[in-house]
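When you line the sequence shown up against the working numbering, it's residues 1 to 288, in that order.
Please keep in mind that the hints were generated in silico from the structure rather than gathered at the bench.
Incorrect hints may appear among the rest.
Computed cross-link-like contacts, DSBU-like style, restricted to lysine-lysine with a CA-CA straight-line distance of at most 35 Å [to be verified]:
hint, residue 1, residue 2
1, 274, 261
2, 274, 218
3, 146, 116
4, 164, 261
5, 218, 162
6, 146, 162
7, 23, 218
8, 162, 261
9, 261, 23
10, 116, 164
11, 274, 164
12, 116, 23
13, 23, 274
14, 261, 218
15, 116, 261
16, 164, 218
17, 116, 274
18, 146, 23
19, 261, 146
20, 116, 162
21, 162, 274
22, 146, 164
23, 162, 23
24, 23, 164
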Amino acid sequence: MSVSSNRYRMLARLDSSVMLVTKNGHDWTHRMPRLAQDLARVPARGTWLDGEVVALDEEGRPAFHLLQQAFGANSTEPLMFFAFDLLFFDGADLRDFPIEQRRQMLQVLLEQCELKCVRFSETLEADAASLLSSACALGLEGLVAKRQGSRYGGERNGDWIKLKCQNRQEFVVLGYTRAAAGIGSLLIGLHDDAGQLVYSGRVRSGFTGRQLDQLLAKLRPLQRDTAPLPHPPAQRGGVVVWVEPRLVVEVRFMELTPRGKVRHAVFMGLREDKPAEGISLESDTDPF
1 MSVSSNRYRM LARLDSSVML VTKNGHDWTH RMPRLAQDLA RVPARGTWLD GEVVALDEEG
61 RPAFHLLQQA FGANSTEPLM FFAFDLLFFD GADLRDFPIE QRRQMLQVLL EQCELKCVRF
121 SETLEADAAS LLSSACALGL EGLVAKRQGS RYGGERNGDW IKLKCQNRQE FVVLGYTRAA
181 AGIGSLLIGL HDDAGQLVYS GRVRSGFTGR QLDQLLAKLR PLQRDTAPLP HPPAQRGGVV
241 VWVEPRLVVE VRFMELTPRG KVRHAVFMGL REDKPAEGIS LESDTDPF
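Put together the whole structure using the sequences plus the hints.
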C-alpha cells in the first residue's frame with residue numbers, strides 16, 4: 001500500500017540524457033530543470049523510474065494547488081519526485097520481475113544516490129481501513145494498493161487498485177458560459193464505452209481569478225460553432241461558448257447522479273499531463 005498524492009504521474013527516463021515524460025507522452029523536462037539535474041546524478045543509464053511529481057506545503061504534505069503554481073511562468077515552487085517503481089535498470093528490462101523485487105532495487109539505488117529532489121515512495125504496512133482514514137485526515141487523495149508478486153503493466157487487471165478519499169475525476173471541457181470574470185461555468189463531459197463524448201454537468205466554483213484568466217486564454221483559440229458532442233444539453237443560464245474538446249480539468253464533486261451528472265462540482269485544476277481522448281469514468285482498477 002502506498003500514498004496516492006495530489007500529483008502528476010511522471011516517467012523519469014535516464015538514458016544518454018534525462019527525460020521526464022507525462023502520462024500523455026509529452027516531454028516536460030524543460031519544465032522541471034532542477035529535478036532533471038538531480039536525476040542526472042543517478043550513476044546508471046538505461047534506467048527508467050515511474051513515480052509522481054508533487055509540490056509540498058509547509059507541513060510536508062502534497063498540495064495540488066502548489067503543484068499547479070509550480071508549472072506557472074517564472075515559478076520558484078520546489079518540486080519533488082516520489083519514485084515507486086523501476087522499469088529498467090542499467091539497460092535490463094525489469095517489468096516482468098515481481099513488484100517487491102523491483103521496489104527493493106529502486107530503494108537501494110536511491111539510497112546510494114542521496115538525491116535532493118527525489119524520494120523513494122515508501123510501502124505502508126497496516127490494515128487498509130486505518131491507512132485510508134489517516135490519508136484522508138491528512139488531506140491526501142487516497143491510497144494505491146498493489147498485489148504482491150505483480151508484474152509491471154498498464155492494463156486493467158486489478159493488480160493495482162485505487163482507494164480514494166474524495167470523488168475526484170478528470171473531465172474534458174466541452175464549453176463555457178460567459179460572465180463578468182470571463183467564465184461563468186465550465187461544461188464538462190466524459191467519453192462513454194463507445195468513445196463518444198457525453199455531458200457530465202457544469203463546474204461553477206473553485207476558480208481563482210488567475211485560473212479564470214488562464215482558462216479563458218486557453219479556451220478562446222478552441223472556440224467552435226457547434227457542440228463537440230452528439231447530444232448537447234439544453235442551454236440554460238447563459239449562452240454557451242462551445243470549444244474543441246482538448247482541455248482536461250480535474251474536478252471534485254459530491255456524487256454522480258444516476259444520469260451521470262456531477263453534483264456540487266468544484267474546480268481543482270488543469271490537467272495538461274492527461275490526453276483528452278482517453279478521459280472516461282474512472283474505476284478503482286484503472287491504470288493511474
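Cross-check of the supplied hints:
About 21 Å separates the Cα atoms of residue 274 and residue 261, which keeps this hinted pair within 35 Å; it holds. Restraint check for residue 274 and residue 218: satisfied, since their Cα atoms lie roughly 15 Å apart, inside the 35 Å limit. Under the criterion of a C-alpha separation no larger than 35 Å, the hint pairing residue 146 with residue 116 is consistent with the structure, at around 27 Å. With a C-alpha separation of about 19 Å, the suggested pairing of residue 164 with residue 261 holds against the 35 Å cut-off.
At most 35 Å may separate the alpha-carbon atoms for a hinted pair to count; residue 218 and residue 162 meet this at roughly 31 Å. Proximity of residue 146 to residue 162 is assessed by CA-CA distance (about 9 Å); at most 35 Å being required, the pair is judged to hold. Straight-line distance between C-alpha atoms of residue 23 and residue 218 comes to about 21 Å, which keeps the hinted pair within the 35 Å bound. Restraint check for residue 162 and residue 261: satisfied, since their Cα atoms lie roughly 22 Å apart, inside the 35 Å limit.
For the given pair, residue 261 sits about 26 Å from residue 23 by alpha-carbon distance, which is consistent with the 35 Å threshold. Of the supplied pair hints, the one linking residue 116 and residue 164 holds, its CA atoms being roughly 29 Å apart against a limit of 35 Å. Taking the CA atoms of residue 274 and residue 164, the gap is near 19 Å; set against the 35 Å cutoff, the hint holds. Of the supplied pair hints, the one linking residue 116 and residue 23 holds, its CA atoms being roughly 24 Å apart against a limit of 35 Å.
A hinted pair counts as satisfied when its Cα atoms are at most 35 Å apart, and residue 23 with residue 274 qualifies at roughly 6 Å. As the CA atoms of residue 261 and residue 218 are separated by approximately 25 Å, the hinted pair is consistent with the 35 Å bound. This hinted pair does not check out: residue 116 and residue 261 have alpha carbons roughly 43 Å apart, beyond 35 Å. For the given pair, residue 164 sits about 30 Å from residue 218 by alpha-carbon distance, which is consistent with the 35 Å threshold.
With a CA separation close to 27 Å, the supplied pair residue 116 and residue 274 stays within the 35 Å bound. Between residue 146 and residue 23, the direct Cα distance comes to roughly 19 Å. Compliance with the 35 Å bound is thereby established for this hinted pair. For the given pair, residue 261 sits about 31 Å from residue 146 by alpha-carbon distance, which is consistent with the 35 Å threshold. Restraint check: the Cα-Cα separation between residue 116 and residue 162 comes to about 28 Å, which is no more than 35 Å; the hinted pair holds.
For the suggested pair residue 162 and residue 274, the alpha carbons sit about 18 Å apart, so the restraint of at most 35 Å is met. With a C-alpha separation of about 14 Å, the suggested pair residue 146 and residue 164 falls inside the 35 Å cut-off, and the hint holds. Taking the CA atoms of residue 162 and residue 23, the gap is near 17 Å; set against the 35 Å cutoff, the hint holds. Only pairs whose Cα atoms come within 35 Å are accepted, and residue 23 paired with residue 164 is accepted, the gap being roughly 20 Å.
The structure shown violates just one earlier hint, number 15.
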